[in-house]
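Protein chains in written order, with the numbering used here: chain A, 1 to 279; chain B, 1001 to 1261; chain C, 2001 to 2279.
Among the hints, erroneous ones may be present.
Footprint (simulated), chain B over chain C, 3 or more residues, beta carbon under 8 angstroms [claimed, not checked]:
| id | stretch |
| --- | --- |
| 1 | 2058–2071 |
| 2 | 2086–2092 |
| 3 | 2106–2113 |
DSBU-like cross-link-like pairs, simulated, lysine-lysine; straight-line CA separation at most 35 angstroms [said to hold, decoys possible]:
| id | chain 1 | residue 1 | chain 2 | residue 2 |
| --- | --- | --- | --- | --- |
| 4 | C | Lys2088 | C | Lys2245 |
| 5 | A | Lys152 | B | Lys1022 |
| 6 | B | Lys1022 | B | Lys1203 |
| 7 | C | Lys2088 | B | Lys1022 |
| 8 | B | Lys1022 | C | Lys2244 |
| 9 | C | Lys2149 | C | Lys2121 |
| 10 | A | Lys53 | B | Lys1022 |
| 11 | B | Lys1203 | A | Lys53 |
| 12 | C | Lys2149 | C | Lys2230 |
| 13 | B | Lys1143 | A | Lys53 |
| 14 | C | Lys2190 | C | Lys2245 |
To be clear, the hints were calculated from the coordinates, so they are not data collected in a lab.
Even for Gly, the Cβ is constructed at its ideal location relative to N, Cα and C.
What follows is each chain in one-letter form.
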Amino acid sequence: MKKQSTIQREFSLRKYFSFFRLRFNMGIQYRTAAAAGMVTQFVWGFMECFVYKAFYDSNPAAFPMEFSSMMAYIWLQQAFLMFFATWMMDNEIFDLIINGNIAYELCRPVSIYNMWFAKNAANRLSKAVLRCFPILITALLLPEPFRMPLPKDIGTAILFVGTMALGLGVTVAFCILVYILSFFMVSSQGIRILLTSLVDFFCGSIVPIPFLPEPLRTVVELLPFAGMQNVPLRIYSSDLAGTEMTRAVGLQLFWFVLMVGLGKWLCRIAERRVVVQGG
Amino acid sequence: MRAIRLYLHYISIVIRSTMEYKASFLLTAMGQFLVSFNIFLGIYFLFARFSEVKGYSYSEVLLCFAIMLMEFSLAECFARGFDAFAGIVREGQFDRILVRPQSPILQILGSKFELSRIGRMLQAVVMFVYGIYHSNILWTWDKVLTVISMLFGGTLLFASIFLIYAALCFFTLDGLEFMNVLTDGAREYGKYPIDVYGSRIMKICTYIVPYTLVQYYPLQYLLGRTDNPIYALYPFGTIVFALISFCVWRFGISHYQSAGS
Amino acid sequence: MITMEHVCKSYRVAKRNAGMKEACKALFHRQVESIHALSDVSFTIGDGEMVGYIGPNRAGKSSTIKILSGILTPDSGSCYVDGRIPWKNRIEHVRQIGVVFGQRSQLWWDVPVIDSFALLKDIYSISTPQYEHNLEELTDLLHLQELLKTPTRQLSLGQRMRCEIAASLLHQPNILFLDEPTIGLDAVSKLAVRDFILRLNQEHKTTVILTTHDMQDIEALTQRVILIGKGRVLLDGTLADMRKKVSLYKSDSNIREGNINDLSLDEIIACLYRQMHIA
């Protein structure tokens, strides 16, 4: 009995892995787009560096992070843009929900939630993989003060990779919540626009969260969006360390579990609605 | 005269088409507003902490950003047909344009008119008013003319970049996303006066794509950092850039006609 | 009068192979392939003639239409339409011709058809009395009365095609190019369109050049057929000429003695394609 269930689990994992692989291979086909995107990201990165240099020069004491940590933040942000960009949603899924073809997906022996999760994560990973290395390598070789530093020690590096994965998980879980939202609404376009622009600000992609003034900063750090890029990008340069880091990673984990749980629960309700209404 | 009448006829049809989808129009406008509002928030919080950058105050930066945003919105509103040109070429619509006895530029300008950019424009106007209110500029007629000349030059500059993008579509539709650097990038980073980014960027933005002509130089006059009124006329220099982009466009069309698609 | 003499046109197409390695190679060295769309095409079409221009896909039909309408410049050869070189005085030339691309719409999707027509009046600078006269006649012949106030997106394919044809004739061109005008239409609309083209040709002496895959169009409309394949004119004559040509190739296993006159036009064309190795 027990053995059978492990076999079943293995089998079902393989199923989601194949969704993952399909999407991944699809993603890496757009090479010219990736090359062009890379040029854009390079320019963006440099411009950001110059802006923050100018602000740093105008008042170094007011700068809330080490300058080199800021450089690491900027270059990692550019290299892994596709990891954390919440505006990059899968329009296929919205179409599926709007035109009712979602009913066909329900006929397959897969959990919609897991499938969406696998597809989304793969899409983001494939897009980031193509772009990240040239950007990272260049950033590591830039002249000071714009060079991206290496992590302090191997432990930090491991923590960085771990929280990156968790941050990707939080981002994907959030996006799926937005997909599911459109199950329950006639038109979700408006709320989607509002949500993505709010998140864009609160996740620290416009200005890093440490730059926000005090009461606001504390609140924003408690929100789930702080667990997207904010945590790993700051752990990398040890800007986030010690108990503060432990708390941030704990929160990240908490929000991840909560959002996945909520997503799965809502997904079940939505599925039942589709079945009852006949799509 | 006849061309203007025809253009207005086009626009009236485009606006009537847009109004068939009012909800979608309002949402797009809202999205446009929110995106630039986020950039504004970024500036706001940075200045709350630093109070000035390279000698520019908060209200001065807001003025700079507002003018840049207006230029971009105007260009996008009027010249959106070029921005969306990849689709026109891909779907073979350009053949239809060529079998009509009117200039292709007029037909493409007329084919799109993005009213939803009003969202971005609104954001820009609010910041502009705030900037005017809080800056110490004495609004004499020469300063007003400076702003008008900036708006003219900037809109022309962005429209010319769209035109170059459209001309490149005749050669390839692959990887043209890099042109975003020149359009979205300039809108995004044109929020600060260009000298903030250092002398190298200043040079690139003068000799390669002349953003400084519509931003940094006239801004110096507007903010009273120089008394030389010649700076207020710099935006007209973009006419040269527009002529060059027109030549690129002509070259693109002749390539299209000889190579097919 | 339309004359084409020794017109050649070839395209250069970048060759692309699948795979990461090939994609990298292509970055440095583009392999270019030449495709001969037209090689030495010559024909003359008199005023008021109605000609079917047929051939399999990629035979060079649309290249010919594009050259005649001034969109494309040929590599060599000469081409005159009523004394004009189409691509040299393009704007002057296109004032005198009408083009219907069967698969692409020239009407504005979301506004009533009459609004699109009014814009065409301005584009072609048609005088008001002339416009009203032409519109009345076309409305009458194509039965557009009820359609003119309807937005294009609400029209059926057949209704839309009738409007498209009217749109191409508002400026009273002497030459009309029809590129697959009956594609996808139902039986009633097809007959209506054919009937109209026939009347147009008889009453206004409009020269009509028709490309189509629908052999019934040819049978119903044209005396003369130009068959093109692999960029060459293979046959220029009447339908009877085509039958004769097929009978020369009796070796074709699909044709038995004596049944040549029973073959449908589709079968004749298929035989010709097969025998000339152009399919």
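Against the structure, the hints come out as follows:
1. Counting residues of the stretch 2058–2071 of chain C whose CB lies closer than 8 angstroms to any CB of chain B gives 5, so the stated coverage by that chain holds, three being the minimum.
2. Only when three residues or more bring their CB closer than 8 angstroms to a CB of chain B does the claim for the stretch 2086–2092 of chain C stand; here the count is 4, and the claim holds.
3. Counting residues of the stretch 2106–2113 of chain C whose C-beta sits closer than 8 angstroms to any C-beta of chain B gives 5, which meets the bar of three, so the coverage hint holds.
4. Restraint check for Lys2088/C and Lys2245/C: the C-alpha separation of about 38 angstroms exceeds 35 angstroms, so the hint is violated.
5. Between Lys152/A and Lys1022/B the CA atoms are separated by roughly 54 angstroms; this puts the pair beyond 35 angstroms, and the hint is violated.
6. With a C-alpha separation of about 44 angstroms, the suggested pair Lys1022/B and Lys1203/B falls outside the 35 angstroms cut-off, and the hint is violated.
7. Restraint check for Lys2088/C and Lys1022/B: not satisfied, since their Cα atoms lie roughly 44 angstroms apart, outside the 35 angstroms limit.
8. A distance of roughly 62 angstroms separates the Cα atoms of Lys1022/B and Lys2244/C; the hinted pair therefore is violated under the 35 angstroms criterion.
9. Using a Cα cut-off of 35 angstroms, the hinted pair Lys2149/C and Lys2121/C holds, with the two alpha carbons roughly 17 angstroms apart.
10. Distance restraint check for Lys53/A and Lys1022/B: the Cα-Cα separation of roughly 44 angstroms exceeds the 35 angstroms cut-off, and the hinted pair is therefore not satisfied.
11. Between Lys1203/B and Lys53/A the alpha-carbon distance is near 18 angstroms, which keeps this suggested pair within the 35 angstroms criterion.
12. Among the hinted pairs, Lys2149/C with Lys2230/C is inconsistent with the structure: their alpha-carbon atoms are about 44 angstroms apart, more than 35 angstroms.
13. Annotation: proposed proximity of Lys1143/B to Lys53/A holds, straight-line Cα distance about 31 angstroms (limit 35 angstroms).
14. Restraint check for Lys2190/C and Lys2245/C: satisfied, since their Cα atoms lie roughly 29 angstroms apart, inside the 35 angstroms limit.
Consistency note: the structure conflicts with the earlier hints numbered 4, 5, 6, 7, 8, 10 and 12.
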